[in-house]
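**Student:** Using the hints, put the two chains back together into the complex; each one sits in its own frame.
Protein sequences, first through last, are from chains A and B. All residue numbers for the first sequence refer to our numbering, where the first residue is 3 and numbers rise by one. All residue numbers for the second sequence refer to our numbering, where the first residue is 125 and numbers rise by one.
Keep in mind the hints are simulated off the structure, nothing from the lab. Values in this document were obtained by computation on a predicted structure and should not be read as measured data. Each hint should be verified, as a subset may be incorrect.
On the chain B side, residues computed to face chain A include the following (Cβ under 10 angstroms) [to be verified]:
| no. | residue |
| --- | --- |
| 1 | Tyr136 |
| 2 | Lys231 |
| 3 | Lys366 |
For each residue, glycine too, the CB sits at the ideal point set by N, CA and C.
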Amino acid sequence: MKKGNSVGRRAFRIFIYVFCIFLALLSLFPFVIMFINATRSTYEIQQNGISLLPSSYLASNYAVFTGKTFDPLKGFYNSVIISTGSTALAIYFSTLTAYALVAYSWKMRQAFFSMILAVMMIPAQVTSIGFYQFMYRIGMTNNFLALILPSIAAPATVFFMRQYMLASLPLELVDSARIDGSGEFNTFNRIILPIMKPAIATQAIFTFVASWNNLFLPLILLTNNDKYTLPIMVSLLRGDIYRTEYGAVYLGLALTVLPLFVIYFLLSKYIIAGVALGGVKG
Amino acid sequence: MKKRKRLSYAKYGYIFSIPFVTAFVIFSLYPTIYTAIIGFTDLKGLLKTSFSILADPLANFRLILNNASFKLSLVNTLKIWLINFIPQILLALILTAWFTSNHNKIKGQGFFKVVFYMPNIITAATIAILFNVLFGYPMGPVNDTLVKSGVLSQSYYFLTDKTASQLIIAFIQFWMWYGYTMIILISGVLGINPEIFEAADIDGANDVQTFLYITLPNLRTILLFVLITSMIGGLNMFDIPKLFNLGMPGNATLTTSLFIYNQAFSGSYFYNRAAAASMIMFVIIAFLSVGVFLLMRDKNETREKEAARKLARQIKRGELNKEEATK
Chain A
3 MKKGNSVGRR AFRIFIYVFC IFLALLSLFP FVIMFINATR STYEIQQNGI SLLPSSYLAS
63 NYAVFTGKTF DPLKGFYNSV IISTGSTALA IYFSTLTAYA LVAYSWKMRQ AFFSMILAVM
123 MIPAQVTSIG FYQFMYRIGM TNNFLALILP SIAAPATVFF MRQYMLASLP LELVDSARID
183 GSGEFNTFNR IILPIMKPAI ATQAIFTFVA SWNNLFLPLI LLTNNDKYTL PIMVSLLRGD
243 IYRTEYGAVY LGLALTVLPL FVIYFLLSKY IIAGVALGGV KG
Chain B
125 MKKRKRLSYA KYGYIFSIPF VTAFVIFSLY PTIYTAIIGF TDLKGLLKTS FSILADPLAN
185 FRLILNNASF KLSLVNTLKI WLINFIPQIL LALILTAWFT SNHNKIKGQG FFKVVFYMPN
245 IITAATIAIL FNVLFGYPMG PVNDTLVKSG VLSQSYYFLT DKTASQLIIA FIQFWMWYGY
305 TMIILISGVL GINPEIFEAA DIDGANDVQT FLYITLPNLR TILLFVLITS MIGGLNMFDI
365 PKLFNLGMPG NATLTTSLFI YNQAFSGSYF YNRAAAASMI MFVIIAFLSV GVFLLMRDKN
425 ETREKEAARK LARQIKRGEL NKEEATK
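Chain B on its own, in the form it takes in the complex (with noise of 0.2 angstroms):
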């Protein structure tokens, strides 16, 4: 009778997920399909709808395959992403090394997550500008700061050297990231078992060894997840490369998301070719994607088995009386 009683609250499972269904479905899922479809049709120019597959189907992948403006665009998509993290994560760890060591009793903590965070939830439009007014030439705050201190004997302009945009890129996003980096992994480290660690300190290992050959195999997994999820972002970077210096100079900080962009929302409106270039890339991140939902789901299952086991050990131990005795 119990069983049967179960299964018929089964429905409201399904009742409670229409919503969800529903709107990924229309928003989501039919949006990647019509995508797709248009990659292989002659759709464009503004305001256009109508459109018919190409006698060629393939002739688009094929044209953003070989057009040069996109390949340049995933090169310094990579490179501008691979330039912000590495500093990032390394910058992130050796701060959540200093902040979990038990021998610095760092002071202050609190106070330094919420200000290494803060760009973070700041507008990405706004940042942007705000970064070329401060880069502004000849007379921006760091041209001024620089000239007057005699690091530079005259305003240099920052804006048309193709290398300086990269970088100044570069360091907005490593800027705005370090720190969700850092809080993500501090939380990481504070979930591994502490007494790991007191074995470590009566075996007499110090800060460093503790740390490399303790805390960092107990975060792979974070690690991992960090790399993966930030790699994702880093290939839709959008706002900071569109706002700081326009894909300029010379196209060295068009990034793939503006490149889309630009193909199908300015110009000729390519919007066939945009399409074919967003299915590029939404492979690309579907196959990273992969990576992430492995990860999530072993974290997962083996936190569910975890607590099972836990609460056999307990009752085992006959602890479970006492534990619900305290709460």
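Same shape as in the complex, but just chain A (with noise of 0.2 angstroms):
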């Protein structure tokens, strides 16, 4: 019966492999035939829409590709700004305010981190209109700190870390800096910010991607052509320019995903890991 069952059992592994890898497929093919057609002229994309070798009409491409309306280095370069102020931003006042109620007992804390809890999951798109109204007023449209200054209030970040410092933090480190006579900034500049490190680089890598992949925001704030944001950018693909470029549309995207791909199968591992954390953390 034993060795019935062990057949079995190696059939549904294999049938399990065929799947997953079938499912793999799935999750690169995309990516693959945009890579391809990245290099191929849009008179051989009309004629085959799927081919497995790439061609050479890479630069003939690029040139039609950067020769439109827009320069995808400065969408690059806005994304960038954009992306780390706000990563920054994000991180050291999520730690500050995480240690603010994990390090200290104060009356208010309780209700403070009851609040965070209750706000965590608004997203910001359906208070839009009143925060473009409001930029708009006081001339912050087509600023680029009105997308990097709110994400010093960022609830989830705040909650993440101070799951990770209730979990990590020895407070008698805190009280022996206090006998050592480190002020209380001091303290948390010099020693709790590098011991929250691994934490730090799992939100880095959201936060950042979140704010690099951000449309919406963006799109109704940013009216000028020099301050698009790459998610613009590629927005304009979309448009009339560009109806039968296919082989320029195909190579926008393909360089609009290039960084996300190095970052991501570089630092895989650690953003696994942080999803799966956040998982714990539901």
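**Tutor:** Printed below as a string of structure tokens:
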């Protein structure tokens, strides 16, 4: 009986592998087509939508792509500034806020934490009309600060940092720093931040990617061509100027995916671990 | 004396929270209130900022609630979300069962997780346009494949078909999110006390029984969390419906976020109506958020209680010193 069971189990295992490999191909294939078609001419793409072999039109596609209205390097640069700025602020101030919640006992602590939990899920989109009007009134549209400064209050990041601190920050360390005469703010910067490095790394990746991919708020706030972020530029690929330039469209898409691919496959270990931790937090 | 010292440090709790609270009040709370107020006013027209409260303050809300496009967008949003979520959670559960079973010993799990999750970090705007060109007519890659393999006799214009457009958007959502859901569920299973699984194994439970009667009930909280967060995300779906097919054909892929965006930032710039629609969505999302809030709070409390109980147990058994020694 045991033997029959093991044959059945082996067949089942093979089925699982085949199914998982199918899913893996499903994840990768659209991007493979995209990268290959980025090197093919529009004529070739219209003859055969799919090819497994790259062609030699990368340079001419690039010329068409950059020959229209926008400059992808500028978009890349703008996206880097906004994403780096918001990541730095979100990480630093979320850790500081979490430290306030963990290291000190103060009267409003529990109420403050409850408030953070309550607003954690409210997305920026539903309040965007008021946000836009407010920014327009104070002349902050087309100003990157309008997209960077709100990151100081990142409730989900605070929540994550608090959970991490509760689990792995020895408060005796804070006490001994006090005995050594270190000020509270100094203790946070010199001792707490380095200990939080693993949590900071995972949260930094997620904050950066989320900000990098954000389309809604930049789209309503940034109206100047030379302030456009990469996702806004991507959205222009959908417009009339590229209607018949498939090669250039694929290349434009590929250029926005490439940096994310590099980051993802370099840091995938930390990213997957970070997602799993997010599940534990839920 | 010790107590006094504690009190003197408490003020740092307040001081260190100031940046967060300030930024929250300015960039979240104030815009929320502002949005709510605009919903009661006559604010419309490009680049206008001055407004006055309407004689009938609820006019915008009434208008939106009776607006056929808004109702359609709400139905579309829920439909697309459901068509994506049901297969997504089922597939994630099946993969979780396979990957966590002690009997299957699936190799390469790390690789599969990395690849399944990958679409999730790619810019949604890029993915929407990529699928738009993949489903292009007459010779997009999908049509090319289907015609050459003989599935279709001639190219099909997917983007002018309402159902096809909705299904493709639901598929994109499913494709982007099942890996995330799977990773979360797997980490949830790994958090279940292994003794329970051992006991089931000794009792002779097979994989299916173990999964149905032990794993699933223990995942209840996480499943609920996934459900609510996915629903909130689904209600805010914007990038993909906007860029995949611009809400077309015939408003079949118009979602509530896209409706709000179109009201406020195109055509007649109806900030007031968009604000009213936003507030309606805000109420729905706030209602769902209460669910997440209660889940998190309960889990937090039980975890802290559990930790205390564990510590008490260890002290009772006199294991604390032993454990500290092994550390």
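**Student:** Does each hint hold? Answer for all of them.
**Tutor:** Each hint, compared with the structure:
1. The closest approach between the C-beta of B/Tyr136 and any C-beta of chain A is roughly 5 angstroms, which is under the 10 angstroms cut-off, so the hint is satisfied.
2. A cut of 10 angstroms between beta carbons decides the hint on B/Lys231: the least distance to chain A is about 8 angstroms, and the hint holds.
3. Against a cut-off of 10 angstroms between C-beta atoms, the interface hint on B/Lys366 holds, since the closest Cβ of chain A lies about 8 angstroms away.
The structure fails none of the hints (numbered hints given earlier).
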